[in-house]
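Here the protein sequences line up with chains A and B, keeping their order.
Residues 1 to 184 in this note's numbering are what the first sequence lists, from first letter to last.
Residues 1 to 184 in this note's numbering are what the second sequence lists, from first letter to last.
Calculated from the structure, these hints are not laboratory results.
Any given hint might turn out to be false.
One copy or two, it doesn't matter: identical chains are merged, so the pair holds either way.
To be verified - When the alpha-carbon atoms are kept at most 25 Å apart in a straight line, the in silico BS3-like pairs for lysine-lysine are as follows:
#  : residue 1 : residue 2
1  : K67       : K164
2  : K70       : K166
3  : K16       : K100
4  : K184      : K70
5  : K100      : K4
6  : K67       : K100
7  : K17       : K184
8  : K17       : K100
9  : K17       : K105
10 : K100      : K70
Here the structure is a predicted model, which is why all the values come from computation and not from measurement.
2 protein chains.
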Amino acid sequence: MSDKLNIIGISGSLRKKSFNKMLLDELFDSASGNWNSEIGDISEIPLYNADVEANGIPESVINLGTKISKADGLIIVTPEYNYSIPGVLKNTIDWLSRIKNAPLKNKPVGILGASMSLTGTVRSQSHLRLVAVQTEMLIMNKPDVYVAQAQNKFDEEGKLTDEKTKSVINKFADSFTIWVNKIK
Amino acid sequence: MSDKLNIIGISGSLRKKSFNKMLLDELFDSASGNWNSEIGDISEIPLYNADVEANGIPESVINLGTKISKADGLIIVTPEYNYSIPGVLKNTIDWLSRIKNAPLKNKPVGILGASMSLTGTVRSQSHLRLVAVQTEMLIMNKPDVYVAQAQNKFDEEGKLTDEKTKSVINKFADSFTIWVNKIK
Chain A
1 MSDKLNIIGI
11 SGSLRKKSFN
21 KMLLDELFDS
31 ASGNWNSEIG
41 DISEIPLYNA
51 DVEANGIPES
61 VINLGTKISK
71 ADGLIIVTPE
81 YNYSIPGVLK
91 NTIDWLSRIK
101 NAPLKNKPVG
111 ILGASMSLTG
121 TVRSQSHLRL
131 VAVQTEMLIM
141 NKPDVYVAQA
151 QNKFDEEGKL
161 TDEKTKSVIN
171 KFADSFTIWV
181 NKIK
Chain B
1 MSDKLNIIGI
11 SGSLRKKSFN
21 KMLLDELFDS
31 ASGNWNSEIG
41 DISEIPLYNA
51 DVEANGIPES
61 VINLGTKISK
71 ADGLIIVTPE
81 YNYSIPGVLK
91 NTIDWLSRIK
101 NAPLKNKPVG
111 ILGASMSLTG
121 TVRSQSHLRL
131 VAVQTEMLIM
141 NKPDVYVAQA
151 QNKFDEEGKL
161 TDEKTKSVIN
171 KFADSFTIWV
181 NKIK
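Chain A with its partners taken away, still in its complex shape (with noise of 0.2 Å):
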């Protein structure tokens, strides 16, 4: 028997050593007390297209949209490409918005997102709130995790080595857990 809460998460970045996929990671390890995490793909999702969706939506979209339905909360982590967030990540909100049951519709979300730049993804961040309007997503607010200079932040191994970034991470994760009990 588990009290655990079962969390998905996504990143927008489809880098293999992706910093925001190592974050995704150091915050799963820092929760796995309190959470069964699990790590969506988002790589096999297809460009969104109406004429496509007319003849349903594809599986993958599909699948991810279950896992996110299933699970008391989303986690989403992001970078910023040109002052937004990722193409990519849109792709995959602007799809999941398409399925009937909404499975983005009053979802627990966290995010977070790291760059190599000063600003640490304020801006990508800021534009996924707004978003989240329209999706209906339901975004904690704070603490806001912006890991800037990443480069400095992370090992070879890709293992969080930056204390002041591990007590946000810590702390995001507390947070979190109160925030998906709060809403269920």
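Given the coordinates of chain A, work out where chain B should sit on it, guided by the hints.
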């Protein structure tokens, strides 16, 4: 000998009977006395992935980038998905921004949008202007073209029937010709 401008247009909607594609056709018809126009295909552009990029930017991206580089100006028509630009369009811009000669940089750009809603893509166009800052596109400021309730403004054959919109599009075409020549 032709003094016509070479203008390339892309649509953020991949749907065949997209109102945005109809709008682009209408603009190109309206400007045919001054522009040689071409539609750029974004339907074959893969999801952005830095690991893919490390092995070479995909041919579909390079081809589009080359066409944009050669063109005097770029027109982007965009729907609004979830309060923002489609992931499909953002993904195209993310890829184009990775090409070394930066095809979007200092390119005169005109943006227009159509939607079935009352707000006619105001949010997505507004966000596209922000993304344009980082990519250094030179988007013309005015006139704004927000085609709201597009389903009432095009006929069965996809031709624009709304006189007010036709007049705005003519004005847009003339303004864009001036804009491109000013920057050249």
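Q.
Are any of the numbered hints broken by this structure? If so, which, sorted upward?
A. 1, 2, 5, 7 and 9
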